[in-house]
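Chemist: This is what each chain is made of:
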Amino acid sequence: GQQVMQIPQYQHVQEGEDFTTYCNSSTTLSNIQWYKQRPGGHPVFLIQLVKSGEVKKQKRLTFQFGEAKKNSSLHITATQTTDVGTYFCAVASGGSYIPTFGRGTSLIVHP
Amino acid sequence: DAGVIQSPRHEVTEMGQEVTLRCKPISGHNSLFWYRQTMMRGLELLIYFNNNVPIDDSGMPEDRFSAKMPNASFSTLKIQPSEPRDSAVYFCASSSDRGNYGYTFGSGTRLTVV
Numbered sequence: 002g003q004q005v006m007q008i009p010q011y012q013h014v015q016e017g018e019d020f021t022t023y024c025n026s027s028t029t030l031s032n033i034q035w036y037k038q039r040p041g042g043h044p045v046f047l048i049q050l051v052k053s054g055e056v057k058k059q060k061r062l063t064f065q066f067g068e069a070k071k072n073s074s075l076h077i078t079a080t081q082t083t084d085v086g087t088y089f090c091a092v093a094s095g096g097s098y099i100p101t102f103g104r105g106t107s108l109i110v111h112p
Numbered sequence: 817d818a819g820v821i822q823s824p825r826h827e828v829t830e831m832g833q834e835v836t837l838r839c840k841p842i843s844g845h846n847s848l849f850w851y852r853q854t855m856m857r858g859l860e861l862l863i864y865f866n867n868n869v870p871i872d873d874s875g876m877p878e879d880r881f882s883a884k885m886p887n888a889s890f891s892t893l894k895i896q897p898s899e900p901r902d903s904a905v906y907f908c909a910s911s912s913d914r915g916n917y918g919y920t921f922g923s924g925t926r927l928t929v930v
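Going down the list, the protein sequences come from chains A and B.
Just so we're aligned, residue 2 is where the first sequence starts under this note's numbering, counting upward by one.
Just so we're aligned, residue 817 is where the second sequence starts under this note's numbering, counting upward by one.
These are computed hints drawn from the structure, not numbers from a lab.
Predicted model, so just to flag it, every value in this text is computed and none were measured.
A hint or two may mislead.
Mimicking DSSO-like on lysine-lysine, the simulated pairs with C-alpha atoms at most 30 Å apart in a straight line are [claimed, not checked]: (1) B:LYS840 <-> A:LYS37; (2) A:LYS71 <-> A:LYS60; (3) A:LYS37 <-> B:LYS894; (4) A:LYS37 <-> B:LYS884; (5) B:LYS884 <-> B:LYS894.
Only chain A is shown next, with the shape it has when bound in the complex (with noise of 0.2 Å):
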């Protein structure tokens, strides 16, 4: 099936630094979606990207999709303790518009 990574696997930051996530695939994607998952909870819904170079933001999150449509970032400015949790990609490409979702990047917001 579409493999992708996702980097870091972890990221611990103090409180009002950045922090940054990536996710890349060897082969082109139809669209690229963004999960995140409270610890003890469930994966929620947060964005889908679909053209190349599509830059979206949501407050202090700003996701990007690569020209080439093979990678993909997401961005929060300034974190804080709620944004703590792992942040997923799922991607989907090909005919498939079922995602494959990457290992994930645990974020740990230290006050």
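Fit chain B to the supplied structure of chain A, relying on the hints for placement.
Modeler: Same frame as chain A, now just chain B:
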């Protein structure tokens, strides 16, 4: 909307016993997915249904696992017989419009097989 509803939230069972996990998708969603999450393997897609019909069950680990969706508002995932390596969190998710608005996950069932 109550979201995707899963039951039970926690299940502890002995090896060899049958386990049935239940899911009620969001009304109007036409696709339903069963995922398993473990530290070792992350989030794995087990099976998905479209309009109550199983489309792809290639992720089902082995014949001990089976899933059904008798109607648009209910699905089950059954493990018989259960084994300790089946211990994981099992999520059900549903979507509409080929997932273009994302997949809505239930709260999951944490299964422990001892």
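Chemist: Checking each numbered hint in turn, tell me which of them this model violates, lowest number first.
Modeler: none
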